[in-house]
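Enquirer: Chains A and B supply the protein sequences, listed in that same order.
Here the first sequence is numbered in my numbering, starting from 708 and rising by one per residue.
Here the second sequence is numbered in my numbering, starting from 235 and rising by one per residue.
Any given hint could be a false lead.
Computed footprint of chain B on chain A; a stretch qualifies when at least three of its residues, placed anywhere within it, have a C-beta under 8 Å from a C-beta of chain B [claimed, not checked]: (1) 757-767; (2) 771-779; (3) 787-793; (4) 819-826.
Computed beta-carbon distance windows for the label pairs [as the list claims (entries may be wrong)]: (5) B:Gly256 <-> A:Ile804: 34 to 44 Å; (6) A:Met797 <-> B:Gly545: 32 to 42 Å; (7) A:Asn710 <-> B:Pro534: 48 to 58 Å; (8) B:Pro485 <-> A:Gly819: 22 to 32 Å; (9) A:Gly726 <-> B:Ala259: 54 to 64 Å; (10) A:Gly819 <-> B:Arg418: 43 to 53 Å.
Covered, in the sense of this in silico footprint (three residues per stretch, anywhere, with C-beta under 8 Å from a C-beta of chain A), are these stretches of chain B [as the list claims (entries may be wrong)]: (11) 363-372; (12) 385-395; (13) 429-435.
Calculated from the structure, these hints are not laboratory results.
Note that the structure is predicted; figures quoted are calculated from it, not measured.
Think of the CB as a built atom: it goes at the ideal place given N, C-alpha and C, for glycine as much as any other residue.
Below are the chains, spelled out letter by letter.
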Amino acid sequence: MTNLPQSPTGRFIAYLEQGQLAYQVDDAGRPVFPPRIGTANGHDLQWKISAGRGSVYATSVVYRKDEAPLNVVLVDMDEGFRLMSRVEGMEPESVRIGMRVRFVVGEPTGSGPRFPLFVADRA
Amino acid sequence: MKSSNWKRGSVAVVGAAESDLGLVAQHMTPVDLMAQATIRAVEDAGLTLAEVDGLFAAAAQTRSAPMLLAEHLQIQPRYFDGTHIGGASFMTHVAHACWALNHGLCSVAVVAYGSTQRSVSRAAASPGEYNYYEAPFRPLLPVTAYALAASRHMHEYGTTREQLAQVAVAARQWALMNPVAWEREPLTVDQVLSSRMVAYPLTVRDCCLVVDGGGAIVLTTAARAKSLRRPPVHVLGCGEAISHGSIVNMPDLTTTAARVSGQQAFARARLGPQDVDMLSLYDAFTITPVLFLEDLGFCPKGEGGRFVEDGSIAPGGKTPMNTSGGGLSYCHPGMYGLLVMIEAIRQIRGECGKRQVAGCEVALAHGNGGVLSSQCTVLFGASSTV
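Chain A on its own, in the form it takes in the complex (with noise of 0.2 Å):
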């Protein structure tokens, strides 16, 4: 056996970069997510590219001292996994459980990796 050339948040970090929001299906065809080496239910797990639309499942406000407050949310995918996110350019305290998010690519601060953000989707 020869190691794996990427990790998997290795490849769910290039997909990123290429813009694209990245996930798995098991042999069921279910969706996986974050991205995993194999479950009970698949041990090689398929990519798939979401079309990058969902809905806030939970939200939530932190405060820090001396730091303007931000928006945590877990986002349900139309394509059925779940992910951590926050909702940007708009009010942190205005963001509805309910609502429709569109991904796009956040940008890192310093030398970290991209993520995955959403905005309002109002298509």
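Following the hints, put chain B in place on chain A, whose structure we already have.
Expert: For chain B alone, kept in the frame of chain A given last:
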């Protein structure tokens, strides 16, 4: 393991003690507190440390609690277990100790915990594990995960911030009757709601305390317990479940694995919620006991907010809960599950003074760990229940 393999009541708690609590002396370590509580609990049982041959321990500040505690106490346990699943670890330790005692793998088991998180700061005591899929969004963990669950419960069932605040108010009312509780002043719903917001919808008063503390309990076989000085508190049933690691993988944020652990514990104890005289539910945040009341079968799913709003869990209420003052007002050193059990044990022994629940024969202790990740339930009963 099938319920039929479980020997109901065959193991009993014969000693229980807290370590120093609140803010402990400078340079005290978590293992010092474990050792102090263990010595106190063994003395409480009328046993000696030399008789302890089963050792169960976990802590946030050390990866190898059984090893360091055995070294400190100069004992050589022949059975040990350092399972670490957060605050529910100690309920799991009790379950594992029951199997070990019943199979003769040990004869006197100690379950111990210690933390100095107030002294060293929470950040130093429980450093977060890096997760690429969470870190960029800067969730303050664990509170943000519980806030997300609360947001979902409010959305689906109409639960209100006022109802959540009632959990904190009831805890405070009980704490005022506990001489060793950290909080000493009354608390109102308005005070909870107007406190500093940490992670919406949870204010700092919806969150557990950040204090030092520890505890230990001693278990042995029911046969041996009969000859010891304390009234035995029997383990009637245990249930253990884990459902996820990070909050994004919790299947449904309003239903916890307490549903699984509770059913298992009740089946083994051959009891139901109607038989429970007192509840000790891990209250890391005000939303947690609301979820557990539902998932353990004390009210229907979605009714937890309405269940707690009329004082039913407060002193004088029909479902006495968290009579120590809980993690919200008595003591929360980070992995509070051991102290959750100690209060249930003391209620059955009838030694809780002003906060004693009259005729308490069956008590349920429920532990929670991680971000609603691990759920473990223990049903304790007086000798009359075996």
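Enquirer: If a hint holds in the structure, say so; if it doesn't, say that too.
Expert: Going through the hints against the structure:
1. Note: the stretch 757-767 of chain A has 4 residues with beta-carbon separation from chain B under 8 Å; the three-residue rule is met and the coverage holds.
2. Coverage of the stretch 771-779 of chain A by chain B holds [criterion: at least 3 residues with CB-CB distance below 8 Å; count 3].
3. A stretch counts as covered by a chain when three or more of its residues have a beta carbon under 8 Å from one of that chain; for the stretch 787-793 of chain A and chain B the count is 5, and the coverage holds.
4. Residues of the stretch 819-826 of chain A lying with their CB closer than 8 Å to a CB of chain B number 3, which satisfies the three-residue condition for coverage.
5. In this structure the supplied range 34 to 44 Å holds for Gly256 (chain B) paired with Ile804 (chain A), their Cβ-Cβ distance being about 39 Å.
6. For the pair Met797 (chain A) and Gly545 (chain B), the beta carbons lie near 39 Å from each other, so the given range of 32 to 42 Å is met.
7. Checking the proposed 48 to 58 Å range against Asn710 (chain A) and Pro534 (chain B) shows it holds: the Cβ atoms sit about 52 Å from each other.
8. At about 30 Å, the beta-carbon gap between Pro485 (chain B) and Gly819 (chain A) stays in the expected band of 22 to 32 Å.
9. Restraint check, Gly726 (chain A) to Ala259 (chain B): a C-beta distance of roughly 57 Å satisfies the suggested window 54 to 64 Å.
10. Checked against the hint of 43 to 53 Å, the C-beta distance between Gly819 (chain A) and Arg418 (chain B) comes to roughly 44 Å, which is consistent with it.
11. With 6 residues having a beta carbon nearer than 8 Å to a beta carbon of chain A, the stretch 363-372 of chain B meets the requirement of three or more and the stated coverage holds.
12. Counting residues of the stretch 385-395 of chain B whose CB falls under 8 Å from any CB of chain A gives 3; the rule of at least 3 is met.
13. Coverage of the stretch 429-435 of chain B by chain A holds in this model, with 6 residues showing a Cβ closer than 8 Å to a Cβ of that chain against a need of three.
Violated hints for the displayed structure: none, as all numbered hints are satisfied.
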